[in-house]
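Chains as they are written, first to last, in our numbering: chain V, 17 to 351; chain P, 938 to 1609.
No lab work stands behind these hints, which were simulated from the structure alone. Since we're looking at a predicted model, the values are computed, not measured. Be aware that a few hints might be false.
Here are the simulated lysine-lysine pairs, DSS-like style, with alpha carbons at most 27 angstroms apart [said to hold, decoys possible]:
| id | chain 1 | residue 1 | chain 2 | residue 2 |
| --- | --- | --- | --- | --- |
| 1 | V | 273 | P | 1401 |
| 2 | V | 271 | P | 1577 |
| 3 | P | 1559 | V | 273 |
| 4 | V | 137 | P | 1300 |
| 5 | V | 43 | P | 1559 |
| 6 | P | 972 | P | 955 |
| 7 | P | 1467 | V | 120 |
| 8 | P | 1401 | V | 37 |
| 9 | P | 1559 | V | 54 |
| 10 | P | 1559 | V | 37 |
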Amino acid sequence: MQTNPLDEKRLQQLTQAANLKKLPLAKLISLFENRSEKATQERHDIIHHITNNPKTFTGKGVTIGFTGTPGAGKSSLIAELCKTLTQNNDLRIAVLAIDPSSQKSGGAILGDRTRMHSGSKNKNLFFRSQASNLELGGITHNTFQATRLLRYLFDLIIIETVGIGQNEIDIQYMSDHTFLMMQPLAGDQIQFMKAGIMEIPDSFIVNKCDEERLARTSYHMLRASLKQSKLIVLNAKDSFENAAKDNIFLTSATKHKGIQELAGFIRSIQRNDQSKNKKPKDIENFYLQKTIQELYGKFGLDILSQEQEALKQLTGYEEKMTFATTAIEQRILER
Amino acid sequence: MTEPQKHQITDKDGNATKDRPWIFRTYAGHTNVRKSNELYRNNLAKGQTGLSIAFDLATQCGYSSDEDIAKPEIGKVGVPINTLDDFAILFDNIDIAEVNTSMTINGTSMWLLSLYVALAEERGVPIEKLQGTTQNDLIKEFLARGTYVFPPEESIKLIVDMYEFCLTNVPKWNPSNVCSYHLQEAGATPVKELAYSLVTAITVLDAIKERNCFDEEEFERCVGRVSFFVNAGMRFIEEMCKMRAFTQLWDEICIERYKVKNPKFRRFRYGIQVNSLGLTEEQPENNAWRILIETLGVTLSRDARCRALQLPAWNEALSLPRPWDQQWSLRLQQILAYETDLLEYPDLFDGSPVIESKVNDLKEQANAEIQKIMDAGGGVEAIKNGYMKSQLVVSQAERMSKINSGEHIVVGKNRWTDGIESPLVRDSDGGVFKVDPESAAETVSALEATKAKRDDAKVAECLKTLRETAIKGDNMMLASIACAKARVTTGEWTATLRDVYGEYRPPTGVEGQSLSIENETLDTVREKVKTFMDTRGHRPRIVVGKPGLDGHSNGAEMISVAARHAGFDVIYFGIRLSATDIVQSAIEEDVDVIGISLLSGSHNEIMDQLFEELDSEGAKGKIPVVLGGIIPQADAEALKEKGVSAIFTPKDYDLMEVMNRIMDIILANDSE
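Please take these sequences and the hints and turn them into a complete structure.
Listed below in structure tokens is the structure:
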């Protein structure tokens, strides 16, 4: 794949985006979401340009995922967190909120803006809705693509998942830290939690803890369940005051409770944190495999693994993808 | 004395008599306090005994006239009220000890009642003489009307505060009025209308009971103060049965749930405004017949006859009604009540097996729905989880789909659409009511004058007490009355409480909804969507929102659902937005078109703001803007010159045709 220098217009757009001017930035995100071949080449060129000019593109790019069932209050909590995190004007935050697409029409209603009441002139906060785009392959492919760009422009990227289905699993590959959000606990929810979704998160948030009693009960029940399933390492003694040490946060978005503490914790999260014996995440490889599988099934994956050596020689995602698809198409023709 | 016959009504001496007519009301208020005062005094001089006050949207949402969000709305749909000085002018030369004052006010009810009480105290009128109603039904605001201010729990708390205060201090005041009117406008079927409004009444009464501030006798009186505001549509037999079902269900709830012994306090007291939803923009003169038929539904049956009636105007789908339009509706009531023999008979339907069966069917279904909501945690919970709202959107979408398919016949709209043009709309003023823009300046300068002469230290002290009372959770009435007397403004009172209680945005009910439209137009639109995706590499994106304070969100909701059905990605942004909110969102989301919905009559001002904002972001002309709502023909050209790409009004009921036109606009736009 060729690498072209950016033309004047694109360069200007990118510079403005680096200064967080919203219109050019939004256009660039659209380019990253775009499925045309032309866009693939442009993305490749842009990423190449950005990585060669690290002084212009200074985003810290820490990516945080929020997952959890609909009704847990993800949007409201994220809205409150953003208010708190942007107070000092020292953090640039992008929020990507994903809503489901209709199976029937392919269209989607993206309603997170209503809940967050987002639409401010503040440069340090950028909000974008995304449809889960079922039919286009790669449930969070648009999110992955947008994040590739946003990492270089923002310090913090907050991803709010749909709350149901496959992309609840994907989010862990994309983010440096994943929160599982839930409502104050009831008995049946404990059962649900044992079922596998508990393996995803790095931390837990129990939202809607409007009263302290609710927060205390929820903490003790959740902790007991985590202890039993041995899914995460519990650090603190079983005490409500130290819940954060167990990576458990008790919040109420409506009553503004627990927000400061959670915001403080989020500020401390590092990009590519490899402590706690976590495997380094190769998100590009994950999406390469995922996309190839969706497009060509096991046949595609087999060829991909045969071509591993050749792929290692390549650097960019677009380049690898183009190489892989060309190789696979060739083999299909040879069949 | 002759023996009375079965077809006669008798007085207490056994003589044949006839009923007194219901109260004729006109919902009124506009421009500013001086003009509205003139209007009220004229009406009272003509023998009207009650006032029904319409407030402008800023007052309803708790903003003062000098705030940016208020400016386009000053005096548009009602009178603006900022301070007690405004109230003094509004009621100038009106004896508030005598007059019955009904206020259509919700989110800021407590504030308006406090102003009224403060006015009485300053005039030396004993407050126990005050009589009237504050609408104060927040559940329907969350569901349909959109002028809520505080979150559901706090909203209910303020209502309970008012009941607690009024029962002993202002005993003739109805602190709240349960509204099913707006539910029907938002799409409720008769069963949903019955169920959701009764759930509302139960929610309020349960909250009062929980506070435990009344003894048994007081609580009975308190139940007796609950009144209803109902709607009536074109299926007038069913509507009449609905009213009979309402009366019976309420009696049963009062006996079973609240143990009310005195039948007087169990009576279902209700006022009516008949349906505007079914009124058409096409052949608008037909609406006069519709209004008459709807009126029959709530007057024919004596046992379920309304106590007060207000009628819409024939041309509501075209613009805000003028005085003549309102007079024409009033005449209908007078003719029905005085020229006919309607009021001479006992109930005409008692013993009818058809009516009884229909009533029982409605009651059974409504009871099942009520039980469902109570089992799931009650009214507040059903607001917060969006259940009731989504049910309304479902039935509205069904209704629209049926009109689109022709299954639901609307004369002049989807059948018999050709007709001779009505001479009524060819009037000299274009059939449109306009607010004089100069009058807004008068309101703002009166506010400035009050602010200049009031005691600022006193204001600060009163607001501090208000805040502390709110934090403690005590009854807010006395602190609010003190604020009123200190000339605190509507905006200041509300902002203080907003700060303590927080703001709330209820679920929109739109997500996950679908339409059942399958027709050729849909195929055409989807084909265009596909073409767009093939050439542009993404789905068409639209942001839909309502700028300004008008909360009637049906139109925006239906367009959102239709756009999704067509294959758009729809960024639904809801209500009460500033031009900045919408433009910033449109830019961040990189949409292909902006869809605006407006019904309050402030489209000219708001579209100016919107285009200024687009311009300042360098996006004017790049993103097409389409507008829907009640937009008078006379304004359409000017709006298009400003840059609006297309205007959709109620006659554009074919949702897929709307999407088709929007798709054409998007495809034609190739600015990058």
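Outcome of the hint check:
no.	hint	verdict
1	V:273 with P:1401	holds, 23 angstroms
2	V:271 with P:1577	violated, 45 angstroms
3	P:1559 with V:273	violated, 42 angstroms
4	V:137 with P:1300	violated, 51 angstroms
5	V:43 with P:1559	holds, 12 angstroms
6	P:972 with P:955	violated, 38 angstroms
7	P:1467 with V:120	holds, 14 angstroms
8	P:1401 with V:37	violated, 41 angstroms
9	P:1559 with V:54	holds, 22 angstroms
10	P:1559 with V:37	holds, 16 angstroms
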